[in-house]
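Participant: Take a look at the letters that make up each chain.
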Amino acid sequence: MAQIELRSLAKSYKTGKVLDGLSLSVDEGEIVCVFGPSGAGKTVLLRLIAGVEELDAGSIFLEGRDVTEAPPETRGVGIAFQNFALFPHMSAFDNIGSALTARGASKATIKAKVEKVASLLKISHVLGHAPRELSNGQKQRTALARALAADPKIVLLDDPLRNVDAKLRYEMRLELPSLLRASGATVLYVTQDYKEAMAIGDRIAVLLDGRFEQIAKPSAIYRDPTSMGVARLFGDPTINLIPIRPRAGDGGTLCEIGGATVALGASHAAAAGRAVLLGLRPEALQVTDAAGADGFPVEVIAVTPLNEKTVLLMRTPEGQEIFASEAGVENEARRPGPAFAHFDPARALAFDEASGTRIGGGA
Amino acid sequence: MNVVTSGTRAMQEIALSLNGVDKIYAPTAKAPVHAVKALDLDVRKGEIIALLGSSGCGKTSTLRMIAGFESVTRGAISLAGRRIEALAPAKRGVAMAFEGYSLYPPLSVRDNIAFALKSARLSAREADKKVAEVAALVEIEPILDRYPSSISGGQQQRASLARALVRPADLYLLDEPMGQLEPRLRALLRGRLKRLLTERGMTSIFVTHDQTEANALADRVAVMEGGVLQQLANQTELKERPANLYVATFIGEPPMNVFDARAEVGERVRFEVANGPKLDFSANEFSEAARSAIAKRSRVVVGVRPHDVRLNAGSNEARVASNQWLGDQSHIAFEVAGKLMVTVVFSETVAARGATLRYDIPSAKLHVFDAETGKAVSHGSEAA
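Residue numbers (the working numbering), protein chains in the order written: chain A, 1 to 363; chain B, 1 to 384.
Hints listed in this document are in silico derivations from the structure and should not be mistaken for laboratory results.
Where hints are given, some of them may not hold.
Distance condition first, Cα-Cα at most 27 Å in a straight line; then the derived DSS-like pairs of lysine-lysine [to be verified]:
#1 130(B) - 45(B)
#2 278(B) - 339(B)
#3 118(B) - 130(B)
#4 167(A) - 116(A)
#5 375(B) - 339(B)
#6 365(B) - 339(B)
#7 339(B) - 195(A)
#8 375(B) - 37(B)
#9 122(A) - 91(B)
#10 122(A) - 107(A)
#11 153(A) - 116(A)
#12 116(A) - 339(B)
#13 217(A) - 153(A)
#14 217(A) - 309(A)
#15 113(A) - 339(B)
#16 167(A) - 339(B)
#17 45(B) - 118(B)
#18 37(B) - 130(B)
#19 167(A) - 365(B)
#20 375(B) - 167(A)
#21 167(A) - 37(B)
#22 91(B) - 37(B)
#23 195(A) - 153(A)
#24 167(A) - 111(A)
#25 365(B) - 309(A)
#26 30(B) - 45(B)
#27 167(A) - 217(A)
Based on the provided sequences and hints, a complete structural model is requested.
Facilitator: Here is the structure:
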């Protein structure tokens with residue numbers, strides 16, 4: 001049964017529409033990441049579900065119950081915000097136990113629950129500390145522990161790793177999914193980091209311009225985005241978009257890039273005759289010195305290592321800058337200068353230039 | 001082929017030299033802050049150096065001392081053959097893009113950039129061309145005729161970068177040059193900037209806390225921590241031969257996996273990790289120097305980079321705690337020795353959570369550190 005069900009939510013402010021017809025259904029124990037650029041309305045959405053903000057239209061069901069009109073304290077959700085929002089005058093223990101205290105739980109129950117969640121989050125040794133004595137990482141875990149302590153069925157996390165350093169963020173990215181699964185809660189997790197969304201979410205709901213543009217498993221969204229808007233939000237460096245005008249030719253669809261004719265294969269037939277942006281992820285481009293079949297000429301501008309990959313900045317004969325990335329750093333033989341780029345048509349995505357809708361490639 | 005690389009440039013000539021440079025803030029106060037300690041640094045002509053470290057490591061103080069915004073407590077700084085540490089900033093022959101070294105408010109962005117060209121005595125046409133070029137590079141053409149107060153912080157930052165890059169100088173000092181940019185533009189600027197700096201042989205030092213930036217742009221990276229230069233090396237060297245545990249675990253994304261171990265050197269070289277991998281190698285996998293260096297320590301820290309752990313090989317086994325696919329790479333975490341050991345594979349690798357997989361840590365990829373000092377003992381078969 002869906003634990004969180006959003007039906008056609010709408011919300012506007014004086015400045016304009018923020019959310020417009022959002023629907024989403026999250027199963028019990030599932031983690032769904034709400035991902036989108038800043039200003040997309042992610043935080044507003046969480047506030048609507050928590051009940052601290054009122055809907056203009058639509059309805060919200062939590063654990064099968066219509067809570068659209070219910071006051072926040074009756075909705076039974078646990079929340080953690082990106083700025084931690086700990087009570088400064090209370091110890092970590094009291095912060096974590098605050099929801100239980102408010103509910104009138106016994107001292108023994110509070111102690112047992114706080115200690116259990118603290119041990120799960122590895123903060124047992126700092127329970128007596130005040131927030132100002134905690135590191136950012138410990139504050140973040142304390143805020144998370146507070147959200148989980150009362151065993152809520154539903155947990156809302158608003159970009160909880162935003163304010164912790166890169167190293168801890170990476171560690172938490174690895175650990176959070178199992179911690180959340182161990183709690184058994186159904187989770188809506190807001191982030192603006194695509195890697196975090198892919199690492200943590202069972203599914204990702206991409207929020208763009210107040211709408212869910214796509215809701216799918218991480219690997220499906222990366223490989224099979226429904227629109228250019230979604231495709232551009234994933235990948236490092238981001239996807240290349242090359243303007244082309246595909247045409248039907250001998251043995252399939254063809255296009256011209258940099259004066260070379262490139263075969264696009266069968267999956268791009270629908271793109272023929274239209275103004276198209278060809279989406280090529282950097283890792284889908286191979287760069288060689290020789291032209292070979294289906295290569296198009298490029299000028300390698302710079303070679304920049306990126307972790308264990310090598311990123312090439314290249315310029316097409318039309319003057320467009322594009323990226324290719326190769327696994328490994330051994331490829332130091334690659335130098336600036338003329339070269340040829342190739343790609344497997346099965347990994348190319350075609351988007352309608354005007355609407356951004358995908359019209360070819362992908363699954 | 002149009003070859004423009006660091007390797008082929010004549011870079012043997014030293015452009016900038018720091019000798020025994022110290023920076024102590026409030027030296028007479030009860031608690032003076034020793035921000036930079038006995039720093040020696042030689043930068044070759046045409047070289048790009050990154051000063052990398054977390055906040056408070058001393059990187060910004062170093063940059064500000066070179067620029068002349070901060071006095072040098074002790075030591076000497078030479079640039080292009082002359083001592084500069086006592087000179088006013090404007091007399092040092094240095095171009096800079098700094099936070100707080102702001103654009104002139106009464107001048108448009110275009111005039112701010114052109115003003116930096118004044119001493120070059122170019123014709124108006126040449127000057128216009130140079131301004132247009134650098135404006136295109138940092139993508140500020142549409143705002144050239146606006147005034148600093150009417151543009152965003154990110155645009156001001158790029159305008160200030162353009163102003164520094166446009167003029168001839170013996171040294172370019174750039175403070176977090178790509179701070180607030182969206183990801184695509186940041187990747188573009190990295191490539192363009194690297195091309196510009198290498199092609200024109202512009203000696204540069206930039207400060208960053210982002211190792212991705214440092215590795216992408218710099219010929220060599222100076223890793224700083226606690227006011228001390230930990231290591232100055234190119235990125236391959238930093239990864240393959242880190243000088244100490246700090247550098248080893250700071251450089252690399254994700255960071256190196258490390259385990260406390262007890263070393264035993266005889267006919268075999270063994271590292272005993274409590275509840276951890278079996279690390280048992282034939283003695284000839286290590287050079288004599290490496291063996292004797294390891295034998296001197298009983299307690300060590302052993303490390304392996306995530307990209308160097310081999311899956312479905314060797315005799316060690318561990319349970320998969322998580323497997324995260326990021327579109328172009330899988331990050332798989334194993335439960336090893338009471339923590340998570342991460343491996344990275346550039347493919348979508350099937351490894352279900354809870355499954356047990358075999359893995360191997362080859363001796364060639366093993367790093368050994370002294371448990372007390374953190375100093376590197378050996379890298380692969382060689383002594384550090």
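Participant: All hints, please: hold or fail.
Facilitator: A quick look at each hint next to the structure:
1. A C-alpha spacing of about 23 Å is found between residue 130(B) and residue 45(B), which places the hinted pair at or below 27 Å, so the restraint holds.
2. Under the criterion of a C-alpha separation no larger than 27 Å, the hint pairing residue 278(B) with residue 339(B) is consistent with the structure, at around 16 Å.
3. With a C-alpha separation of about 12 Å, the suggested pairing of residue 118(B) with residue 130(B) holds against the 27 Å cut-off.
4. The hinted pair formed by residue 167(A) and residue 116(A) meets the criterion: a straight-line CA distance of about 25 Å does not exceed 27 Å.
5. For the hint linking residue 375(B) to residue 339(B), the alpha-carbon distance of about 23 Å falls within 27 Å, and the restraint holds.
6. About 20 Å separates the Cα atoms of residue 365(B) and residue 339(B), which keeps this hinted pair within 27 Å; it holds.
7. Only pairs whose Cα atoms come within 27 Å are accepted, and residue 339(B) paired with residue 195(A) is accepted, the gap being roughly 22 Å.
8. Taking the CA atoms of residue 375(B) and residue 37(B), the gap is about 18 Å. The hint holds against a cut of 27 Å.
9. Restraint check: the Cα-Cα separation between residue 122(A) and residue 91(B) comes to about 55 Å, which exceeds 27 Å; the hinted pair is violated.
10. A distance of roughly 22 Å separates the Cα atoms of residue 122(A) and residue 107(A); the hinted pair therefore holds under the 27 Å criterion.
11. Taking the CA atoms of residue 153(A) and residue 116(A), the gap is near 17 Å; set against the 27 Å cutoff, the hint holds.
12. The suggested pairing of residue 116(A) with residue 339(B) holds, with an alpha-carbon distance near 19 Å, which does not exceed 27 Å.
13. Taken as a hint, the residue 217(A) and residue 153(A) pair is honoured in the structure, with Cα atoms around 22 Å apart against an allowance of 27 Å.
14. Of the pairs offered as hints, the one joining residue 217(A) and residue 309(A) holds, with about 25 Å between alpha carbons and a cut-off of 27 Å not exceeded.
15. A C-alpha spacing of about 24 Å is found between residue 113(A) and residue 339(B), which places the hinted pair at or below 27 Å, so the restraint holds.
16. Between residue 167(A) and residue 339(B), the direct Cα distance comes to roughly 15 Å. Compliance with the 27 Å bound is thereby established for this hinted pair.
17. For the proposed pair residue 45(B) and residue 118(B), the alpha carbon gap of about 24 Å is at most 27 Å, so the pair holds.
18. With a CA separation close to 40 Å, the supplied pair residue 37(B) and residue 130(B) exceeds the 27 Å bound.
19. As the CA atoms of residue 167(A) and residue 365(B) are separated by approximately 22 Å, the hinted pair is consistent with the 27 Å bound.
20. Distance hint between residue 375(B) and residue 167(A) is fulfilled; the C-alpha atoms sit about 21 Å from each other, no more than 27 Å.
21. About 26 Å separates the Cα atoms of residue 167(A) and residue 37(B), which keeps this hinted pair within 27 Å; it holds.
22. With a C-alpha separation of about 25 Å, the suggested pair residue 91(B) and residue 37(B) falls inside the 27 Å cut-off, and the hint holds.
23. Distance check on the hinted pair: residue 195(A) and residue 153(A) sit about 26 Å apart at the alpha-carbon level, within 27 Å; holds.
24. Annotation: proposed proximity of residue 167(A) to residue 111(A) is violated, straight-line Cα distance about 31 Å (limit 27 Å).
25. For the hint pairing residue 365(B) with residue 309(A), the CA-to-CA distance comes to about 18 Å; that is within 27 Å, so the pair holds.
26. In summary, the hint linking residue 30(B) to residue 45(B) is not supported, as the alpha carbons are separated by about 41 Å, beyond the 27 Å threshold.
27. With a C-alpha separation of about 26 Å, the suggested pairing of residue 167(A) with residue 217(A) holds against the 27 Å cut-off.
Violated hints, in rising order: 9, 18, 24 and 26; the structure is consistent with all others.
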